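> Spelled out, the chains give:
Number of protein chains: 2
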Amino acid sequence: MNFNLEEAIEVLERTPKTLGYFLSDLSDGWLQCNEGEGTWNVTEVVEHLIEGEKTNWIPRLETILQDGESKPFPPFDRFAHLNETTEKSMEQKLAEFTTIRASNINKLKTIVDSDSQLELTGIHPAFGVVKLRELLSTWVVHDLTHINQCVRVMAERYRTDVGPWNEYLGILKR
Amino acid sequence: MNFNLEEAIEVLERTPKTLGYFLSDLSDGWLQCNEGEGTWNVTEVVEHLIEGEKTNWIPRLETILQDGESKPFPPFDRFAHLNETTEKSMEQKLAEFTTIRASNINKLKTIVDSDSQLELTGIHPAFGVVKLRELLSTWVVHDLTHINQCVRVMAERYRTDVGPWNEYLGILKR
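Chains as they are written, first to last, in UniProt numbering: chain E, 1 to 174; chain Y, 1 to 174.
Bear in mind the hints are in silico, worked out from the structure with no lab data behind them.
Any given hint could be a false lead.
[Unchecked claim] Only pairs whose alpha carbons sit at most 35 Å apart, straight line, appear in this in silico DSBU-like list of lysine-lysine:
1. K54(Y) / K93(Y)
2. K173(E) / K109(Y)
3. K107(Y) / K173(E)
4. K17(Y) / K107(E)
5. K71(Y) / K173(E)
6. K17(E) / K54(Y)
7. K107(E) / K54(Y)
8. K71(Y) / K109(Y)
9. K93(E) / K93(Y)
10. K17(Y) / K173(Y)
11. K88(E) / K173(E)
12. K109(E) / K109(Y)
13. K54(E) / K88(E)
14. K173(Y) / K17(E)
15. K173(Y) / K71(E)
16. K109(E) / K173(Y)
17. K54(E) / K109(E)
18. K173(E) / K109(E)
19. K71(E) / K93(Y)
20. K173(E) / K93(E)
21. K93(Y) / K173(E)
22. K131(Y) / K71(Y)
23. K173(E) / K107(E)
24. K109(E) / K88(Y)
25. K17(Y) / K17(E)
26. K93(E) / K71(Y)
27. K88(E) / K173(Y)
28. K17(Y) / K88(E)
29. K93(E) / K17(Y)
Remember, predicted model here, so these are calculated numbers, not experimental data.
Using the sequences and the hints given, assemble the complete structure.
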């Protein structure tokens, strides 16, 4: 096991700025491309990250702390953001993600203040018993998964353009 | 074909700052982890990106412009950076990458100033004839490949820690 709360927070607090630099002020070509029908563009990925901040990580954490195994996690719809029609720009969405993430990290630091809490358990609707440590590790790796997705979606746009080099470029292997 | 020089430069100029925010001031645990024997940690990835700025992209571009198909590309050793013993910190390496990338983008803008040049050709030692447009597309996707690698290497560190969630986390699929 490698989980450590301070190190996990290092990643959680870097994600908004990392995506902020990567995705701000890009041409529409980069913002609108995806990996084919039914896949997300980078704007949809950022919306999904915002949705997770609102309805997934902290609510689940609070359920573990308040209800333990007596109540399953509140539902989280991984596709909820796709139903929202919003006129916000990517820069506004990144700003929203930055604000809500900072607030959630503050909340995390307030409610988890001892290593013994990491072993507390709750009930995941599909997996059954899970530990608080696993939920927090997943929050970190979920960030990394979606940073990877943004980068991969953009690489896909040049799949044909790279010509014979595609065999050297791991990101195009799929 | 989606390649467009201005859009390609958008990505090339974002990579140093994106990695700068993602990798600066991280704990050694994040900087030193890798995906197993013979794989790179994030420090080695940044060293490889610096090496590419010095000996790969611009030298190959210049070979196409100056020699066309009369001379193959100068050799590029993808593992050269592993032989260097350097005491520089990650922050110093990121600063070096930022400086050399900015200088190379300026050079790119100076020597490629018309779309007709994108069709010029050179000789790749393994692939044979390649186009300038393919080389530039590859520079972009090479950045994206290595951003993804940094993110994936860090996710690997929590493979066991996420418990049952590993089946939902695409980045851990391999």
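> Are the hints correct? Go through all of them and say.
Consistency of the hints with the structure:
For the proposed pair K54(Y) and K93(Y), the alpha carbon gap of about 13 Å is at most 35 Å, so the pair holds. Distance check on the hinted pair: K173(E) and K109(Y) sit about 30 Å apart at the alpha-carbon level, within 35 Å; holds. With a CA separation close to 31 Å, the supplied pair K107(Y) and K173(E) stays within the 35 Å bound. Restraint check for K17(Y) and K107(E): satisfied, since their Cα atoms lie roughly 28 Å apart, inside the 35 Å limit.
Using a Cα cut-off of 35 Å, the hinted pair K71(Y) and K173(E) holds, with the two alpha carbons roughly 30 Å apart. For the suggested pair K17(E) and K54(Y), the alpha carbons sit about 28 Å apart, so the restraint of at most 35 Å is met. Taken as a hint, the K107(E) and K54(Y) pair is broken in the structure, with Cα atoms around 45 Å apart against an allowance of 35 Å. Proposed proximity of K71(Y) and K109(Y) is supported: the alpha carbons are some 23 Å apart, at most 35 Å.
For the suggested pair K93(E) and K93(Y), the alpha carbons sit about 31 Å apart, so the restraint of at most 35 Å is met. Under the criterion of a C-alpha separation no larger than 35 Å, the hint pairing K17(Y) with K173(Y) is consistent with the structure, at around 28 Å. With a CA separation close to 33 Å, the supplied pair K88(E) and K173(E) stays within the 35 Å bound. The straight-line distance between the Cα atoms of K109(E) and K109(Y) is roughly 47 Å, outside the 35 Å bound, and the hint therefore fails.
For a cut-off of 35 Å, the pair hint linking K54(E) to K88(E) stands: about 17 Å separates their Cα positions. In summary, the hint linking K173(Y) to K17(E) is supported, as the alpha carbons are separated by about 26 Å, within the 35 Å threshold. A distance of roughly 30 Å separates the Cα atoms of K173(Y) and K71(E); the hinted pair therefore holds under the 35 Å criterion. Between K109(E) and K173(Y) the alpha-carbon distance is near 30 Å, which keeps this suggested pair within the 35 Å criterion.
With a CA separation close to 17 Å, the supplied pair K54(E) and K109(E) stays within the 35 Å bound. Restraint check for K173(E) and K109(E): not satisfied, since their Cα atoms lie roughly 39 Å apart, outside the 35 Å limit. Between K71(E) and K93(Y), the direct Cα distance comes to roughly 49 Å. Violation of the 35 Å bound is thereby established for this hinted pair. For the proposed pair K173(E) and K93(E), the alpha carbon gap of about 30 Å is at most 35 Å, so the pair holds.
Under the criterion of a C-alpha separation no larger than 35 Å, the hint pairing K93(Y) with K173(E) is consistent with the structure, at around 29 Å. Pair hint K131(Y) plus K71(Y) holds up; C-alpha atoms about 14 Å apart against a cutoff of 35 Å. Between K173(E) and K107(E) the alpha-carbon distance is near 39 Å, which puts this suggested pair outside the 35 Å criterion. Among the hinted pairs, K109(E) with K88(Y) is consistent with the structure: their alpha-carbon atoms are about 33 Å apart, no more than 35 Å.
Annotation: proposed proximity of K17(Y) to K17(E) holds, straight-line Cα distance about 10 Å (limit 35 Å). The hinted pair formed by K93(E) and K71(Y) fails the criterion: a straight-line CA distance of about 49 Å is larger than 35 Å. The suggested pairing of K88(E) with K173(Y) holds, with an alpha-carbon distance near 33 Å, which does not exceed 35 Å. Distance restraint check for K17(Y) and K88(E): the Cα-Cα separation of roughly 24 Å lies within the 35 Å cut-off, and the hinted pair is therefore satisfied.
Restraint check for K93(E) and K17(Y): the C-alpha separation of about 20 Å stays at or below 35 Å, so the hint holds.
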